[in-house]
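J.: These protein sequences, in sequence, are chains A and B.
Counting along the first sequence from 1, when you hit position 44 you're at 44 in my numbering, and nothing is skipped either side.
Counting along the second sequence from 1, when you hit position 361 you're at 361 in my numbering, and nothing is skipped either side.
Keep in mind the hints are simulated off the structure, nothing from the lab.
Any given hint might turn out to be false.
[Said to hold, decoys possible] A few chain A positions that, by computed beta-carbon distances, are all more than 12 Å from chain B:
no.: 1; residue: R46
no.: 2; residue: T237
no.: 3; residue: C321
[As the list claims (entries may be wrong)] Quick list of in silico lysine-lysine cross-link-like pairs, DSS-like style, CA-CA up to 30 Å:
no.: 4; chain 1: B; residue 1: K26; chain 2: B; residue 2: K55
no.: 5; chain 1: A; residue 1: K18; chain 2: B; residue 2: K776
no.: 6; chain 1: A; residue 1: K136; chain 2: B; residue 2: K867
no.: 7; chain 1: B; residue 1: K26; chain 2: A; residue 2: K134
no.: 8; chain 1: A; residue 1: K86; chain 2: B; residue 2: K867
no.: 9; chain 1: B; residue 1: K776; chain 2: A; residue 2: K86
no.: 10; chain 1: B; residue 1: K126; chain 2: A; residue 2: K141
no.: 11; chain 1: A; residue 1: K211; chain 2: B; residue 2: K1018
These numbers come from a predicted model, not from an experiment.
Cβ coordinates follow ideal geometry from the N, Cα and C atoms, glycine included.
The residues making up each chain are set out below.
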Amino acid sequence: MPKLEDKPRVILEEFRVKNAPDDYGMADEKWNFKKFVKKFRIVIVRMDNSEMEFDLIGIQPAFANAFRRLMLSEVPSMAIEKVMIKNNTSIIQDEVLAHRLGLIPLKADPKLFEYRAEDSTDGTEFDTLEFTLKIKCSANKSQPKDSFRAEDLYENHSVYSSSIKWHPIGNQASVHKETEVGPVHSDILISKMRPGHELDLHLVAVKGIGKDHAKFSPVATASYRLLPEITLTREVTGGEATLLQSCFSPCVIGIDSDGRAFVRDARYDSCSRNVYRYDSIKDAVVLSRIRNHFIFNVESVGAMLPSVIFVEAVKILRDKCKSLLDDLNNF
Amino acid sequence: MEERHCEWESAKGAREPIKSLEDKWKLVPSFLQIKGLVKQHIDSFNYFINVEIKKIVQANEKVFCDSDPLFYIKYLNAYVGTPDLEEGFNLTKPTTPHECRLRDMTYSAPITVDIEYIRGNQRVIKNKQLIGRMPLMLRSSNCVLTNKSDFELAQLNECPHDPGGYFIIRGQEKVILIQEQLSRNRMIVDEFKGAIQCQVTSSTHEKKTRTNVIVKNGKYVLRHNALSDDIPIAVAFKAMGICSDQEIMLLVGTEDAVVKNMAPCLMDCHNLKIFTQNQALTYIGAKLKVKRFQTSNAKFRTPVDEARDLLATTILAHVPVENYNFYVKAIYLAIMVKRVIEAQNNKANIDDPDYYGNKRLELAGSLLALMFEDLFKRFNWELKSIADKIIPKVKAAPFDVVKHMRPDLIANGLFTAISSGNWTIKRFKMERHGVTQVLSRLSYISALGMMTRVNSQFEKTRKVSGPRSLQPSQWGMLCPSDTPEGEACGLVKNLALMTHITTESSEKPIARLACNAGVEDVRILGGEEINHPAVYMVFLNGNILGVTKHYKKLIKIFRMFRRRGFISAFVSIYPNHNQRTVYICSDGGRLCRPYIIVEKGSPLVQQSHINELNRGIRKFQDFLADGLIEYLDVNEENDSHIATLEAEIDPYVTTHLEIAPFTILGVCAGLVPYPHHNQSPRNTYQCAMGKQAMGTIGYNQKNRIDTLMYNLVYPQCPMVKTKTIELTNFDKLPAGQNATVAVMSYSGYDIEDALILNRASIDRGYGRCLVYKSAKTTMKRYSNQTTDRILGPSRDGNTGKVIKAHEVLDTDGIAAPGEMVENRQVLVNKQMPPATLNPIGQGQPQHIDYKDVPITYKGPVESYIEKVMVSSNSEDAFLIKILLRQTRVPEIGDKFSSRHGQKGVTGLIVQQEDMPFNDRGICPDMIMNPHGFPSRMTVGKTIELLAGKAGLMEGKFHYGTAFGGSKVRDVCRELEKHGYNYHGKDIFYSGLTGEPLEAYIYSGPVYYQKLKHMVQDKMHARARGPRAVLTRQPTEGRSRDGGLRLGEMERDCLIGYGASMLLMERLMLASDVFSADICGACGRLASRAWCHACRSSAAVSAVEMPYACKLLFQELAAMNIVPRLTLKKCCDT
């Protein structure tokens, strides 16, 4: 009988996800801080500038989910919010151009900025980043003969995000480094142009949150999954073993020298449940997932390190709790 | 992309199953490459302007006049030129279709003739005389777009994927729909009110008449419109010179059944005492309808002459009669009688009028030919009457008829016919409405779908199922899915992908070939030989050609000659064993379709041929020329044994093999992936909805200024394609986006097919669309030398600022591109002079009071000005067109649909973090409720999802082609390979609680179309607002900011409920309450508290009543009816 103290599980049956018979979810469980501290662990599995995988072990799904939600929608980041169009003779419509520009991820530490007041029209150096995009397409005078490639015929026929130039306002030039501000990627195609087409835009970036618009979300996505667990209930050998192996992601099932299948590492199994296709080995496995072991995957859009994003999310949750407590106390 | 067929077990015993030809379907793109999707229209129009117009002019080549016997005009030849515009002063300049579209001009070419005529006493020949203008079909032989490369088309501002086949009349794109009708010059036996009749609609260039042989009181009679009474059949025979009863019986047949039925008819003659031809003609002459207009030479003719003439030219007009030798016509009539007798004895011999072999499709070319001939005749008649009038007058210069040729008559006649769709042909007394329609440019598919539409002549109101139901003979010719719902259901149809509609080909070589193949002329044969049981009668286009003993040989020879290319590929020949006849057809308007020829159990097209096709050294024409493929029309198709798959070929009977089974569907149904897995009405629904989907309409969409255009910002090619999609270039001009769909329930906002959308997806551009509208105005020039004018923006007198309404105007008084316009702002500040009759005096400047007639923007949501065009139209007036643009983001209530007839509105837009997510962190773009599946049975959609998901993992497009496509088994295997569940079901976590959902969720990409119905165009509410002038009731309709009507049924509810005060409020107080003064003494309306009738104000009191009521009283009074009101004090009960 699986107890909550040891690993709580959900069983992946053929046609449904099922809790253990005596498991009523963790909602009813009384939360004990000491117990939590004793059991809770964070294991960082993989981390680089843009992506991070880490495990939250021994935490309730409500918390894990809260972090995920906060990373998606409440951790702030900077994005282009206003586009002043002085001239746009390209074929792309003003609104569509503005929308595309808004979705370009910007390098700028949102912690160094403030939210712009709702009623303010002019930004200040503390809440606004200003950029310009001024580019004109022309025929390439020195074009090689007999070439019909757009690259040879025209100059600036494709507008990339690298053309966006930062214009520091106020004291910004001394506070931020040139390399720390601007589009994260320089090769995002904004528009295609032909001779005579011209863009002259003034871009205003502000701080915002993903709840308001997806462009302010600091993550491409942040999600988690539960740790898979595979238990073999009987010995599987020979042809059945290779069949079993083929039903799971690579390296999940190993076959030892006796031709016996064993579970090598279930962590990276995709939980495709394709074992259930084969009646012969259907009964040999129990698929389950550990309910308090969350494998987080955070993909940053590039402005902030994924680790920072997670920490920010935790801070936001803390602040929210604080303000709730304050409100309750002052009620 | 290989075609996979079910490997059906061959039931043919030990025989080796025939290997299936790989890539056989590639014949379809090859076919479409030369034919194009709208080739029927273009072929037909080309035939008209290159061949038929010359024939028409030749048929009416001479014009004489009554006043001068020497005068004549003779047309030598006729030509249709290349498209140009008249620039005034007889100057013309070549034009392009796009210029005509933008400038509201007509894309037309001059019609010129070479004529020979008499001027004074001289014979003059004049070449290239303009007589009219012909609207040109785009991509026809004379159009500037034909044989142009994509690059050249781009320079002409034309989309290379535009099918052409339509006309541009006064800037509007017009399609002449394909008209379906019963075939002419064919005998059709049907049952009408219980009586069996044989009907022939004869049609020649001059006449169109209908002849019936019917059973009346057990006897056969001839009925015709030109006769006031039915003629006993024996009398008709005698009038045709078949005088003896024996001869008649020999012609009709000497079988017992025939003799039994005919005997009473022969008695008729004896009763009427008609024994000779002359007696019979006298009898008929007496029954002629009195002609309203007596022509001059008709006075000298006797009724006998008239009757003889009628028999020769009007009754069965298509059967030629030379020198009043009626023998062939008599045989024809005898066959008609025989058919009736056969049908009487066996009901199975009654023809089915809905059978597609009995139908002909009329295309733009033949319709225009009818119109042109009518106009040309009128043109000549006008010339004649001018000549009649002017020649007798003595004049200094000799009468030159060329000066009186007005090209406007023919030009305007054709233009108005096409632009109004009213086809009025005087000589046939034909009047048809709705022949043309404006080409719908909502999406590329809607335009294509319109080009393949077939309109039935059948009345829409009649409630009969026959013409509406799917005829088995439509197989392969007309799409079984694509028909509208509702009143036009089954009457409006669409062509299938490979259908070809024949154009007329010459009869002469065919007749000669038939004679060489052993057909004997009937004119030298007697009735006995003609009706001999061993003999088959041969018909060519409904006319008797002769009889043959060896019909099998005849058919074989014909088919051989056709396959060799000695006669037109579209000539069809087929026997009817029941009637012991062979029919040969070369007429236009037959539906036909190519098939692979099978001989001795193996298809003539071999794998080597297909390989050559793949290498590009063999084209569809080569297959045709080598006799590997041939066209079969509906009738010949019925005489063939066609195998769908190679495995079904039976060496003893199979004659043909289908090229690709998916071609039985049309363009619109071809978009549906896996249509063969869907419940059939769902495919029909999708056919209707595909036309409302927005996306791309052509590569030139940014250059067009249409009144309404919907575009998608980021259209995508569907993940699950079909071969039809590639053939129609839908993948290059798509209308929809691939949405990641999770099939699950979410909140309560997904009931009744409502969809849940992901906010983040919308933020990133899903379902974003552009709506273009245009405003148009012209600056007219008036007869009194005044013109409209446009003024710059007005300024406020005090501040000097431009007034709000004129904020978007440029200094020239026209809105500037890039500006945002709000409701009621002025787009063009136009002014109009008053319509005074007197022209402005010479010299002295006169003050004109101009009236403001601004073009204003209306709409609750602001728009941006995309561009402004200033040009001139055909009347030399300034033409200003302004294109307005809106970008719309999906909102609650916007309509979306998958490609399986599953439409739904957005019920809720959910934040990304609230959406469910799977192990890989994927959030769906859209959540669809699973209740949409069981009752709709759109299994195709579930397969599309699966195939799309596998395609994403493999990085390729899967195919959902009808009767083929990627198989579920293979798709599942691919999913498994990439670590997905083979069912396509994944573990999802709730975005709200963070715990895994109890059910596995079916999820993957499905192609969704955004339909044109958007909340923004429909939302409407009103508290107070405008009222109608007459009744003072609130106006009606959203466009007039109208009220919402509490109608009769709603009123009934309130009455039933007894809510009298609510009724009073809704019907009077909230509508047109009016306080009328009523005189209590006389009960009539008083004015200003004074009763004019009683000359008193003593009894006048104010009564509240609806204004409409007061209006009624006044109107009644105006008609001398006095309504009197009896007033009572409120407290007196």
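J.: Hints numbered earlier in the text: which of these fail when held up against the supplied structure?
T.: Structure breaks hints 4, 5, 7 and 10.
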